[in-house]
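*Asks:* Listed here are the chains, written in short residue letters.
There are 2 protein chains.
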Amino acid sequence: MLYSKIFGKTKKDSKKYDSANATLLIKGGFIDQVMAGTYTYLTLGLRVLNKIENIVREEINTIGSEILMPSIVPQELWAKTNRLETVDVLMKTTAANKLALAKNSSEYVLSPTHEEVVTPLAQKFNLSYKDFPFALYHIQTKFRNEPRVKSGLLRGREFRMKDLYSFHTTEKNLKEYYENSKKVYLKIFQRLGIGNDTVIALASGGSFTEDYSHEFQTICETGEDTLFFVKSTGIYYNREVAPSLAPPINNDEKMLERKDVEGKGIKGVDELARFLNIPIEKTTKTMIYEADDKRIIAAAVRGGYSINEDKLRKAVKCSVLKMASPETVKKVTGAEVGYAGILNLPKEVEIYIDESVNNRLNFECGANKTNYHSININFSRDLALPKEFYDIKMAKDGDLYPETKEKYEVKKAAEVGNIFPLYTKFTEAFDYKFIDQDGKERPVYMGCYGIGPSRIMGVIVEMLHDDKGILWPEAVAPFQVHLIGLDLKDETVRSKINNIYKNLEDKNIEVLYDDREGVNAGEKFSDADLIGIPVRLVVSKRTGEKVEYKKRNEKEARISSLEEVLKLLISN
Amino acid sequence: MLYSKIFGKTKKDSKKYDSANATLLIKGGFIDQVMAGTYTYLTLGLRVLNKIENIVREEINTIGSEILMPSIVPQELWAKTNRLETVDVLMKTTAANKLALAKNSSEYVLSPTHEEVVTPLAQKFNLSYKDFPFALYHIQTKFRNEPRVKSGLLRGREFRMKDLYSFHTTEKNLKEYYENSKKVYLKIFQRLGIGNDTVIALASGGSFTEDYSHEFQTICETGEDTLFFVKSTGIYYNREVAPSLAPPINNDEKMLERKDVEGKGIKGVDELARFLNIPIEKTTKTMIYEADDKRIIAAAVRGGYSINEDKLRKAVKCSVLKMASPETVKKVTGAEVGYAGILNLPKEVEIYIDESVNNRLNFECGANKTNYHSININFSRDLALPKEFYDIKMAKDGDLYPETKEKYEVKKAAEVGNIFPLYTKFTEAFDYKFIDQDGKERPVYMGCYGIGPSRIMGVIVEMLHDDKGILWPEAVAPFQVHLIGLDLKDETVRSKINNIYKNLEDKNIEVLYDDREGVNAGEKFSDADLIGIPVRLVVSKRTGEKVEYKKRNEKEARISSLEEVLKLLISN
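Keeping their order, the protein sequence lines are chains D and C.
Note that this note's numbering has the first sequence beginning at 148, numbered continuously upward.
Note that this note's numbering has the second sequence beginning at 148, numbered continuously upward.
No lab work stands behind these hints: they were computed from the structure.
There's no promise every hint is true.
Pairs involving identical chains hold if they fit within one copy or between any two copies, as the list cannot separate such chains.
[Said to hold, decoys possible] Simulated pairs of lysine-lysine, DSS-like, Cα-Cα distance not exceeding 25 Å:
id, residue 1, residue 2
1, K159, K329
2, K152, K322
3, K558, K277
4, K334, K319
5, K688, K671
6, K158, K271
7, K702, K319
8, K697, K156
9, K334, K558
10, K297, K543
None of the values given here were measured: they were computed from a predicted structure.
The following block holds chain D by itself, in its conformation from the complex (with noise of 0.2 Å):
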């Protein structure tokens, strides 16, 4: 292709945007900004995309089958998982003006997942033994209402995604099935040039089981999630779920009178535990719940720690968890929001302390009275020593993995892929069962399977990239040759030059050749490092019968004949 005719040239500015990702591929003519999180895809980007796309189809036809589902659904669907009124990124379709609303007023959901699609469509189809198991899946533009768009193509409201549903008869199916989908993906991250640094973490299976999902997480400084690593079991463990044992504190000191101590309109730990001269790991932090509507539930950590909500729902065993109201937190505590503690709570409301809070002498908590902190408390002298201590905390660097003792290994990663063991959970909402042998109907057990192509292409470019530009691994490379034309002017060269393209090309090689006068070789060289192609050719005057050779990623350049240049590409 010649980049004179090219759609989305490189761009001068040095606009920094919050991510690499953002900048390089803004910058580098891949894709161009809309609004925040939405992006058009020019040539070079759309041709990346394509290869990623292209290489997670090739592999994941190898375990379901490619249809196409729609963006918009019907409500209704949604409204049988129970999922409509609760999903928080759920967007949802209307008349964008008065004359259309005149013509339709239908609603449709805006899909940022199939599970109310293909459950239902699956069911139409399937309903013997013999046909199971199954899969299908499609590569689709979805859509989040999400609130923080951020780091270029990693969190945006509009993306691709494939995702893969599955159909089992038995429990014992569905996780054969699963475990080899894990081997598929693997492939394709190593395909995808990123394989190396990509591992499988637990994650939280979400409200509907104790199982736990499996991520696929590209170690990777700028990634949002935070992986806790166990280097006796190699086990990662996404923050949200990674148990965690708080490291012990120094406990060499005597007990000293416990005292209610005025602390007015201090906010947070870190305030508090200056104001009482204290370290912040003696403060604690105690928060007031509403389980289920009806049960109070007082929850305390560590100060320095924040409440795991999804633990602490485990833990009380209910299904919908929320912070109290203002006023229940008055009526209970009997003060005002920011001084509950856990002493002298009232016997209807339940307590459940993390580990971290035990093991200190002379632990500050607050008092249950307006402005006043309760100091020097002691377990089993100011109130009894709890039956159990739990782990409703979110991990932090330093804690220790509970089995072993030993300290995590803590490390930043970007998700690239996520599967899910759904089971029954929306088999048993749309009643899809499946006739067995025996002719009785059975449940049918159901997995999710995401990849997102565009946030793939994003954590490619955060992973690889230098301060010139991209570095692309060559399978999605938008092409695998950049070939430079200087002193263009001169017929002799020109003519040569257009030699080699067309024999590149004839040769199914991938040329992005830069055609362009009036440019200067520095400008072009330039071009080259940050749109990142794997091979760069220069062809000018001083090269004279031979090409100049020399990768992204290797800082020397060789001048070599075509044919020794064409074995090279070849053998790549």
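Given chain D's structure and the hints, the job is docking chain C onto it.
*Replies:* Only chain C this time, still in chain D's reference frame:
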């Protein structure tokens, strides 16, 4: 591909939908209806859709660059072109529930077309005359707030669209490109197998131009559009723009005495003609409009015609034309709605009379008096002959082409593409100018060019089916060969057919292999006819070492050797 493993098999039930394409595509297992106007493409259907899109892509790549624009875009862009409040098929997105609304209450346009995205995009990159002309396109899912979804894939709320936009420095260059695009389009329809039935028709250029746009229409009994063909010139007009001359009526009578007849509550000209015992052609329909919020317009056509508001708008030379309110009608005519006529209207009313009203004796028109109709009206005697008659009626079968006075040939057709010269409508809205050779700013000219691949899939089925099923053109058939295995429990036969299957696939022939056991020959044959793959091969005990070869569009099968069959397939 093995038919036993395919998702979406033929359906036994014989449910009929409102169109052949919906019925056959659903029954054949190509698509599944999620809701009216919204479909899932199953394995077979997606293969057809992809083939159509790839043919479109290959041809459009010769005149434009592929990109991919987003579906959700800021409302401000649509406000700039004044289309946010005026396009009645426009949808927008909004948070789907309270939780979502709390997180992000932003609303976005869900795009039915992309002038509002591509114009500012082009503007960002191309400012110098040297960069022109250029054209950008994408193939993408589009959304329309369609009130009447119908006819399967022909009219839906979500559909696939190729939309191309071209940019030019002069109107002349736009026109040249525009003319060339017609050739590219015709080649596409030729390759898609509907070229011989597809014609170019003149259609409305939209409110922003006096010019025509051009539609590509496939002549087809079940099409939604009506074309008016002028044989002597070879020109097709879409009904909405066909100039029309009403056929003359018998005037062999004397002028009778004008009378006002009471005819309370009569609805429509048919009832009126019966009531008055006159032919419908002697009645007159008069409508009152408001133009540009100030002018009052009375428009009259002969009974049996309706007013073509686009023609009227152009005759009146106004930009906004709307039906007058009942209050206005009463104020202007002195009568309730239903009794307006062209007699004795106040001077401030501008009267536009269609030519069909002329050349009649003793005609009827509303008396401008509630419940009364005037009969035996005659120009010159009862009212002045107007200075000018207009063509403001919707053409109908039987009408003449005014220039040559020949009778139109009227044909039903389905639109498969359309192209618009946009001139500077959108570039002006975005103030998109280029810098010419002399450093001066000049307006950029634009054209837009649409083709709907999913709609084309429906049109192909409408055109190419018989009572047994579909007859796909080779270029878009889901597979080239439907290989049917019979007597598969016989190991020799199964091993032979497996070899043939492998042999065909090795030669890159796309084969759908019906490998189902326990399905009888009749069912396999009728499935093959329904699915409509161009060539059917049967292998069974009876065929021995040979193969039965039959084309879908031929009745006779022949027994041939595999070598002969391969020759036939490869020569196809």
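*Asks:* Decide, hint by hint, whether the structure agrees.
*Replies:* Hint check results:
For a Cα distance limit of 25 Å, the shortest separation of K159 from K329 qualifies neither inside one copy, at 42 Å, nor across copies, at 38 Å. Taking CA atoms no more than 25 Å apart as the test, K152 paired with K322 passes between copies only; the shortest distance there is 21 Å, against 51 Å inside one copy. When the C-alpha separation of K558 and K277 is checked against a cutoff of 25 Å, the pair qualifies neither within a copy, at 45 Å, nor between copies, at 50 Å. Taking CA atoms no more than 25 Å apart as the test, K334 paired with K319 passes inside one copy only; the shortest distance there is 23 Å, against 53 Å between copies.
Taking the shortest alpha-carbon separations for K688 and K671, only the intra-copy value of 16 Å comes in at or below 25 Å, while the best inter-copy value is 67 Å. Only between protomers do K158 and K271 lie at most 25 Å apart by alpha-carbon distance; the minimum there is 10 Å, versus 51 Å within a single protomer. In this homomeric assembly, K702 and K319 never come within 25 Å of each other (Cα to Cα): the closest approach is 53 Å inside a single copy and 50 Å across copies. Only within a single protomer do K697 and K156 lie at most 25 Å apart by alpha-carbon distance; the minimum there is 22 Å, versus 53 Å between protomers.
For the homomeric pair K334 and K558, the shortest alpha-carbon distance inside one copy (22 Å) is at most 25 Å, but the shortest distance between copies (56 Å) is not. In this homomeric assembly, K297 and K543 come within 25 Å of each other (Cα to Cα) only inside a single copy, at 23 Å, whereas the closest approach across copies is 57 Å.
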